[in-house]
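In case you want the letters, here they are:
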Amino acid sequence: MRISRKPTGARFFELFAEIGTNIGAGVEVLREYVRAPHDRRPELAARMHALENVGDDATHAIIEHLDRSFVTPFDREDIYRLTSRLDDVVDHMDAAIDLATLYRVGELPRGVETLVDLLCQAARLTADAMPRLAEPQRLTDFWVQVNRLENEADQVYRRLLSELFDGERDALEVMKLKDVVDELEAAADAFEHVADAVHSIAVKES
Amino acid sequence: MRISRKPTGARFFELFAEIGTNIGAGVEVLREYVRAPHDRRPELAARMHALENVGDDATHAIIEHLDRSFVTPFDREDIYRLTSRLDDVVDHMDAAIDLATLYRVGELPRGVETLVDLLCQAARLTADAMPRLAEPQRLTDFWVQVNRLENEADQVYRRLLSELFDGERDALEVMKLKDVVDELEAAADAFEHVADAVHSIAVKES
Amino acid sequence: MRISRKPTGARFFELFAEIGTNIGAGVEVLREYVRAPHDRRPELAARMHALENVGDDATHAIIEHLDRSFVTPFDREDIYRLTSRLDDVVDHMDAAIDLATLYRVGELPRGVETLVDLLCQAARLTADAMPRLAEPQRLTDFWVQVNRLENEADQVYRRLLSELFDGERDALEVMKLKDVVDELEAAADAFEHVADAVHSIAVKES
Numbered sequence: 001m002r003i004s005r006k007p008t009g010a011r012f013f014e015l016f017a018e019i020g021t022n023i024g025a026g027v028e029v030l031r032e033y034v035r036a037p038h039d040r041r042p043e044l045a046a047r048m049h050a051l052e053n054v055g056d057d058a059t060h061a062i063i064e065h066l067d068r069s070f071v072t073p074f075d076r077e078d079i080y081r082l083t084s085r086l087d088d089v090v091d092h093m094d095a096a097i098d099l100a101t102l103y104r105v106g107e108l109p110r111g112v113e114t115l116v117d118l119l120c121q122a123a124r125l126t127a128d129a130m131p132r133l134a135e136p137q138r139l140t141d142f143w144v145q146v147n148r149l150e151n152e153a154d155q156v157y158r159r160l161l162s163e164l165f166d167g168e169r170d171a172l173e174v175m176k177l178k179d180v181v182d183e184l185e186a187a188a189d190a191f192e193h194v195a196d197a198v199h200s201i202a203v204k205e206s
Numbered sequence: 001m002r003i004s005r006k007p008t009g010a011r012f013f014e015l016f017a018e019i020g021t022n023i024g025a026g027v028e029v030l031r032e033y034v035r036a037p038h039d040r041r042p043e044l045a046a047r048m049h050a051l052e053n054v055g056d057d058a059t060h061a062i063i064e065h066l067d068r069s070f071v072t073p074f075d076r077e078d079i080y081r082l083t084s085r086l087d088d089v090v091d092h093m094d095a096a097i098d099l100a101t102l103y104r105v106g107e108l109p110r111g112v113e114t115l116v117d118l119l120c121q122a123a124r125l126t127a128d129a130m131p132r133l134a135e136p137q138r139l140t141d142f143w144v145q146v147n148r149l150e151n152e153a154d155q156v157y158r159r160l161l162s163e164l165f166d167g168e169r170d171a172l173e174v175m176k177l178k179d180v181v182d183e184l185e186a187a188a189d190a191f192e193h194v195a196d197a198v199h200s201i202a203v204k205e206s
Numbered sequence: 001m002r003i004s005r006k007p008t009g010a011r012f013f014e015l016f017a018e019i020g021t022n023i024g025a026g027v028e029v030l031r032e033y034v035r036a037p038h039d040r041r042p043e044l045a046a047r048m049h050a051l052e053n054v055g056d057d058a059t060h061a062i063i064e065h066l067d068r069s070f071v072t073p074f075d076r077e078d079i080y081r082l083t084s085r086l087d088d089v090v091d092h093m094d095a096a097i098d099l100a101t102l103y104r105v106g107e108l109p110r111g112v113e114t115l116v117d118l119l120c121q122a123a124r125l126t127a128d129a130m131p132r133l134a135e136p137q138r139l140t141d142f143w144v145q146v147n148r149l150e151n152e153a154d155q156v157y158r159r160l161l162s163e164l165f166d167g168e169r170d171a172l173e174v175m176k177l178k179d180v181v182d183e184l185e186a187a188a189d190a191f192e193h194v195a196d197a198v199h200s201i202a203v204k205e206s
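Protein chains in written order, with my numbering: chain A, 1 to 206; chain B, 1 to 206; chain C, 1 to 206.
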């Protein structure tokens, strides 16, 4: 007999769902940032930073709930790992925007929009998966799709780098843009790490 | 009484052995690439990419086998971790070649060959260790040697960087070459992470 | 009834305390390096490297003790993880100094001293926490403070980058200094990973 983990886990799943929604909001700010005129950048950077703080609060709420809970829906260390990987996603999106603003980079190369589109798709999948964590085995589609997106992002990222290097930009501008693009790529990786953490929970439970 | 884990684990160990062999093939392409004239680069990049796909298939086969297996030779999460770390090795070798080809980098600095030689040695040790995973405690030599090689690779990598920076190359060319060399160094790290994953399994079983 | 883990763990806690002390010594060399005239750099780099070797020896001593111990104060894999993360701290500090010496970088930007100050604080907290590992639940303050310091380090790091890029340095010098600064930032991250490993042990035990 398998005891439903719904009752004991309800609060955890709520918090994970909140984090998923927050990631969705973050990726929308990112999408807007990429297309925005330069004078709107500081305002959007501030909005992203506020979302990063919301994410931090939800992260701490999960850890505190973990400390107080006698029974948990998954192994404690798996909840802990998933939480910190979700946190990484917003951290990297925030870093990308923060660096672009701080460096006052000029026109972003075209591939950046494609990369951000892939992040939007990964964010949507993640926001959809979080409220369904109670049945991790049914999330196969989630991790398969996110892994596929990360592979695509990798290709886009490499084309983007070669676009950066072969363009008419000077070396310092290339370095700045590369820092920004590296953070976007790290965000794509972070989504994959979230998916892997969920997959690993499902494997354990199977 | 210790029950032999041979029968239940046989399929896992076969798949790990396959991955070990595949890594060995990848490192040979890498060695060839480093010495090849530029017009052969795209062909070698394609060969490496094909090996990366073989590795992905073996990775998925292990995960699927994990999903279907009731009894596993090690903890599920350890098999999962080892698999994804082995995957990283070929990913980084593939990235190195892909970037070098995409960027059309010129002459590779001499230290690159030394670095690739160390990767060849680590690959050989890994290919040898994989079929013997059933007795992880007997693989002490494997992780000690791979850790030693990673330390050496680290030294070679740093000398290589200072060679890059002190040479007569312009800044953009240095950035491109550094990206390639960073991936080779990441491959050396990835071998160490594989060795650590095996070590960690052995520690758990001891 | 909870059996005290003091007797079985004593040797582990001694070794962790040694590593904590060693990290404290490393960060002092780093602080001296930042202010030292260039001709003292090789000597300080050698001192840091010696400390890195001491750290490696303590790391191996813990792993060997783990291999020989029948009973351990925490799960084996947690001891293993904490050990390797502590090792990373000194590795990154050593890399920062090694690269700065090898590259013969000029004047370090002012923000570097601020960053090193934060590392000193994290080192002190870590050295204080290590001898108290027997009661991980009482180390809340440790991981909260280290996480706070890492957030601060992140801010300082980004301002430092923008200082680097907006200055009058040429591209190659910027790349060299960035490599050094990246290792310092990685050291701050490594302290956070140590704190997270301790937190994760506490969560498991709670």
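Hints were generated in silico from the structure; no laboratory data involved. Computed from a predicted structure; not experimentally measured. A portion of the hints provided could be inaccurate.
What the hints assert, rightly or not - Simulated crosslink set (DSS-like; lysine-lysine; CA at most 30 Å straight-line):
| no. | chain 1 | residue 1 | chain 2 | residue 2 |
| --- | --- | --- | --- | --- |
| 1 | A | Lys-178 | C | Lys-178 |
| 2 | B | Lys-178 | C | Lys-178 |
| 3 | B | Lys-178 | A | Lys-178 |
| 4 | A | Lys-204 | C | Lys-204 |
| 5 | B | Lys-204 | C | Lys-178 |
| 6 | B | Lys-204 | A | Lys-204 |
Status of each hint after checking the structure:
For the given pair, A/Lys-178 sits about 13 Å from C/Lys-178 by alpha-carbon distance, which is consistent with the 30 Å threshold. The straight-line distance between the Cα atoms of B/Lys-178 and C/Lys-178 is roughly 13 Å, inside the 30 Å bound, and the hint therefore holds. The straight-line distance between the Cα atoms of B/Lys-178 and A/Lys-178 is roughly 13 Å, inside the 30 Å bound, and the hint therefore holds. Among the hinted pairs, A/Lys-204 with C/Lys-204 is consistent with the structure: their alpha-carbon atoms are about 17 Å apart, no more than 30 Å.
A hinted pair counts as satisfied when its Cα atoms are at most 30 Å apart, and B/Lys-204 with C/Lys-178 does not qualify at roughly 39 Å. Between the alpha carbons of B/Lys-204 and A/Lys-204 the distance comes to roughly 17 Å, so the proposed pair stays at or under 30 Å and holds.
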